[in-house]
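J.: Single-letter residue listing:
Protein chains: 4
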Amino acid sequence: MRIIVNLKAYRCDPVEIAQAASSVTADGVSIGVAAQPADIAAVAEAGAIPWAQHVSPSGHGSHTGSILANSVTRHGAKGTLLNHSERRLTVANIDRAIEAATDAGLLTCVCANTPAQIGAVANLGPDAVAIEPPALIGTGTPVSQAEPDIVLDAIDAARTVDPSIDVYCGAGISSPDDIAAASDLGADGVLLASAVAKAEEPATALNELIAPLN
Amino acid sequence: MRIIVNLKAYRCDPVEIAQAASSVTADGVSIGVAAQPADIAAVAEAGAIPWAQHVSPSGHGSHTGSILANSVTRHGAKGTLLNHSERRLTVANIDRAIEAATDAGLLTCVCANTPAQIGAVANLGPDAVAIEPPALIGTGTPVSQAEPDIVLDAIDAARTVDPSIDVYCGAGISSPDDIAAASDLGADGVLLASAVAKAEEPATALNELIAPLN
Amino acid sequence: MRIIVNLKAYRCDPVEIAQAASSVTADGVSIGVAAQPADIAAVAEAGAIPWAQHVSPSGHGSHTGSILANSVTRHGAKGTLLNHSERRLTVANIDRAIEAATDAGLLTCVCANTPAQIGAVANLGPDAVAIEPPALIGTGTPVSQAEPDIVLDAIDAARTVDPSIDVYCGAGISSPDDIAAASDLGADGVLLASAVAKAEEPATALNELIAPLN
Amino acid sequence: MRIIVNLKAYRCDPVEIAQAASSVTADGVSIGVAAQPADIAAVAEAGAIPWAQHVSPSGHGSHTGSILANSVTRHGAKGTLLNHSERRLTVANIDRAIEAATDAGLLTCVCANTPAQIGAVANLGPDAVAIEPPALIGTGTPVSQAEPDIVLDAIDAARTVDPSIDVYCGAGISSPDDIAAASDLGADGVLLASAVAKAEEPATALNELIAPLN
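Residue numbers (the numbering used here), protein chains in the order written: chain A, 88 to 301; chain B, 88 to 301; chain C, 88 to 301; chain D, 88 to 301.
If you're looking for bench data, these hints aren't it; they were derived computationally from the structure.
Note that the coordinates shown come from a computational prediction; the quantities given were computed from them, not determined experimentally.
Wrong hints could be hidden among the right ones.
Cβ pair distances, simulated, as ranges [to be verified]:
{"no.": "1", "chain 1": "A", "residue 1": "148", "chain 2": "D", "residue 2": "251", "range": "34 to 42 Å"}
{"no.": "2", "chain 1": "C", "residue 1": "109", "chain 2": "B", "residue 2": "163", "range": "19 to 27 Å"}
{"no.": "3", "chain 1": "C", "residue 1": "148", "chain 2": "D", "residue 2": "281", "range": "28 to 36 Å"}
{"no.": "4", "chain 1": "A", "residue 1": "189", "chain 2": "D", "residue 2": "281", "range": "49 to 57 Å"}
{"no.": "5", "chain 1": "B", "residue 1": "271", "chain 2": "A", "residue 2": "117", "range": "44 to 52 Å"}
{"no.": "6", "chain 1": "B", "residue 1": "243", "chain 2": "A", "residue 2": "264", "range": "54 to 62 Å"}
{"no.": "7", "chain 1": "A", "residue 1": "103", "chain 2": "C", "residue 2": "247", "range": "44 to 52 Å"}
{"no.": "8", "chain 1": "D", "residue 1": "192", "chain 2": "C", "residue 2": "239", "range": "55 to 63 Å"}
{"no.": "9", "chain 1": "C", "residue 1": "148", "chain 2": "D", "residue 2": "98", "range": "32 to 40 Å"}
{"no.": "10", "chain 1": "C", "residue 1": "251", "chain 2": "D", "residue 2": "251", "range": "26 to 34 Å"}
{"no.": "11", "chain 1": "D", "residue 1": "110", "chain 2": "A", "residue 2": "189", "range": "35 to 43 Å"}
{"no.": "12", "chain 1": "B", "residue 1": "236", "chain 2": "D", "residue 2": "98", "range": "51 to 59 Å"}
{"no.": "13", "chain 1": "D", "residue 1": "189", "chain 2": "C", "residue 2": "250", "range": "40 to 48 Å"}
If you want the ones that stay clear, here's a sample from chain B, every Cβ over 10 Å from chain A, calculated [claimed, not checked]:
{"no.": "14", "residue": "100"}
{"no.": "15", "residue": "109"}
{"no.": "16", "residue": "111"}
{"no.": "17", "residue": "115"}
{"no.": "18", "residue": "175"}
{"no.": "19", "residue": "179"}
{"no.": "20", "residue": "211"}
{"no.": "21", "residue": "250"}
{"no.": "22", "residue": "264"}
From the three backbone atoms N, C-alpha and C, an ideal C-beta is built for every residue, glycine too.
Given these sequences and hints, build the entire structure.
T.: This is the structure in structure tokens:
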């Protein structure tokens, strides 16, 4: 199971969470930490696998205020989220951002709301997609109870386009049961956010969350 | 062959072009006129088939400055372009705009740059897609000479997703040869723009353009 | 007192509201109806003064999906809102949209959230500004009770830049008392929305709202 | 004279340029280096004064893909550009971004195209503004020859709103003569970009550029 802890712009200590992520080991579990771009080097130094939360579709050039894929890679990022529900892109720009990220050596995980949208973004050739059912974003409703079909349909839509693509469950994951449910439904990974980033003790929280995977 | 004449924001007389479009008849040829929203009623009154150039993803509600699908339908629009290279949308908003347009009774034709992007937007369930190879946008380079493969690949990408979808050739069409080439490549339609909208005599221009189809 | 009834994308009959607006007469009161672009001609035919809810910063040219100032003017629009809280623009685009609208013969009323922002947009030379205190948008809280100072400060900020500019109160207006309060505070106009657009009987609603002005 | 070297997303070594900036000393000259967010810590470690090229209007919270002001500050940033011509913001978001940046301890320099727009953004209370005459952006045309009046008018517009605000000349600066001209016109600072970032030897380039200031 692949886990990405999305720190968003939360009031949290990225180094503490990176240390937590690097301390947790479980068979077949890899944990990335999707940090603010300015924090990527510090996350790498703390021993974790840094991810970007977004990179710009544009590569090198006159692009003031962009988040350059090559720049986050240089500081250790291994992958990037794209098209998160809080950072939507046009189709043409998802396409260009996947290309910019891939050229810079980043894995790409493109988020989308529905199975049809998952099928759409899978056509653009990312390494992974993440289904974020809108009904689960920020609600605390567990995906296993609320919308198992949407996860199954998303996996099906993605695999129809690309049988080897990874599919993440990107919303509604906040308990060990949710991770177990995502795994049972066939997801290759999950996106975590506040359940770790806002935990009193991130290492403890992470260990508890992944316990069902051992 | 389906033809959509996109008037963009050109300095032109929409009524004159609508009259031209309604005067041209050829077997198996239908001609829509994609007009500014404020001009849709006038295009309908002139006897042509009005299309919108864009409708908003949002439906009824507090959306000041939107282009409401129901509003253009009420004045006679039969379809709408979406995601034109001059009016890009996020994946989620293309999805919502297709739904809003379809609910209002509009046909939808979603534009995209590359075969992969065509495959992507076809997943969202529009009635048609239009391939706009960037190398041809506004260049005057004819599609038949420049990039026949991109049209063939776009048709293939779209039909893999939905065998009954219509595929338009959306850039590089400015001569009778281009329309003939698009038809020979298997396109169901073409988007025309300045070749008609900026013509001295739109009716003459249209008749010449479609001559190879008779 | 200048009144603009903003129909947004509400489920309403623009012609019925236009007729209501044209039937209401009171000394010193003018009523514009800010309609969907496709409805502007119908609003004009019903005898009301049409406004656009937004026009694009771009003028004539290759701008598919835009709302061309010249196009709404041609069908009778007399003015346009710009930068409404539901349709924000960059500073550069407000500047260009004011120019495009003015060149087309439209009055311009630029919305903003705070007195500082009102001072900012007043610098760009519109005919009018509208203060939309965020705390009042869509809440039903009357401006007279909630934030009289913000209206006074907005008027002050606008007049410091341009002593002859008109200042509208653009949120929190849903009762006769609100209009009276806006007038007492020195506003030259008010933006109305659901209080008229969603009224069972728009003419009755408008007459009641403006009663204090007689 | 305050100098900000904007590295944009150029193919350059931010550390080499930071070392160049920290090695250059001249009376009354301060040099900031506006870097990609992921490079800010490295710029600080190299001894230069880091600036951000942009920070998000949103502060802490669920804002995936943002550039958090607190995050760049934590790694040493001292200021941020905002509303650069390559990264435009709405009026409301400039206002919020100034607040977010100021709360995080960053200086703010807001860019705009014309004297009227400079007056507009000055109303939002930044520490500095930068006039970027569109005719000079990326053209190599020196500001001293091309548009001296636009700089004088921008200074006047900014100082009318806030007598203590700093005014930068933000485009058309690529030679020692340009810096001298900007200084003679009354500018407090200049934005440099490719003239330093793309120089074979950034330290030499910087020393030559500021020679007239000694």
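J.: Which of the listed hints are not met by the structure?
T.: 4, 6, 8, 12, 13, 18, 19 and 20
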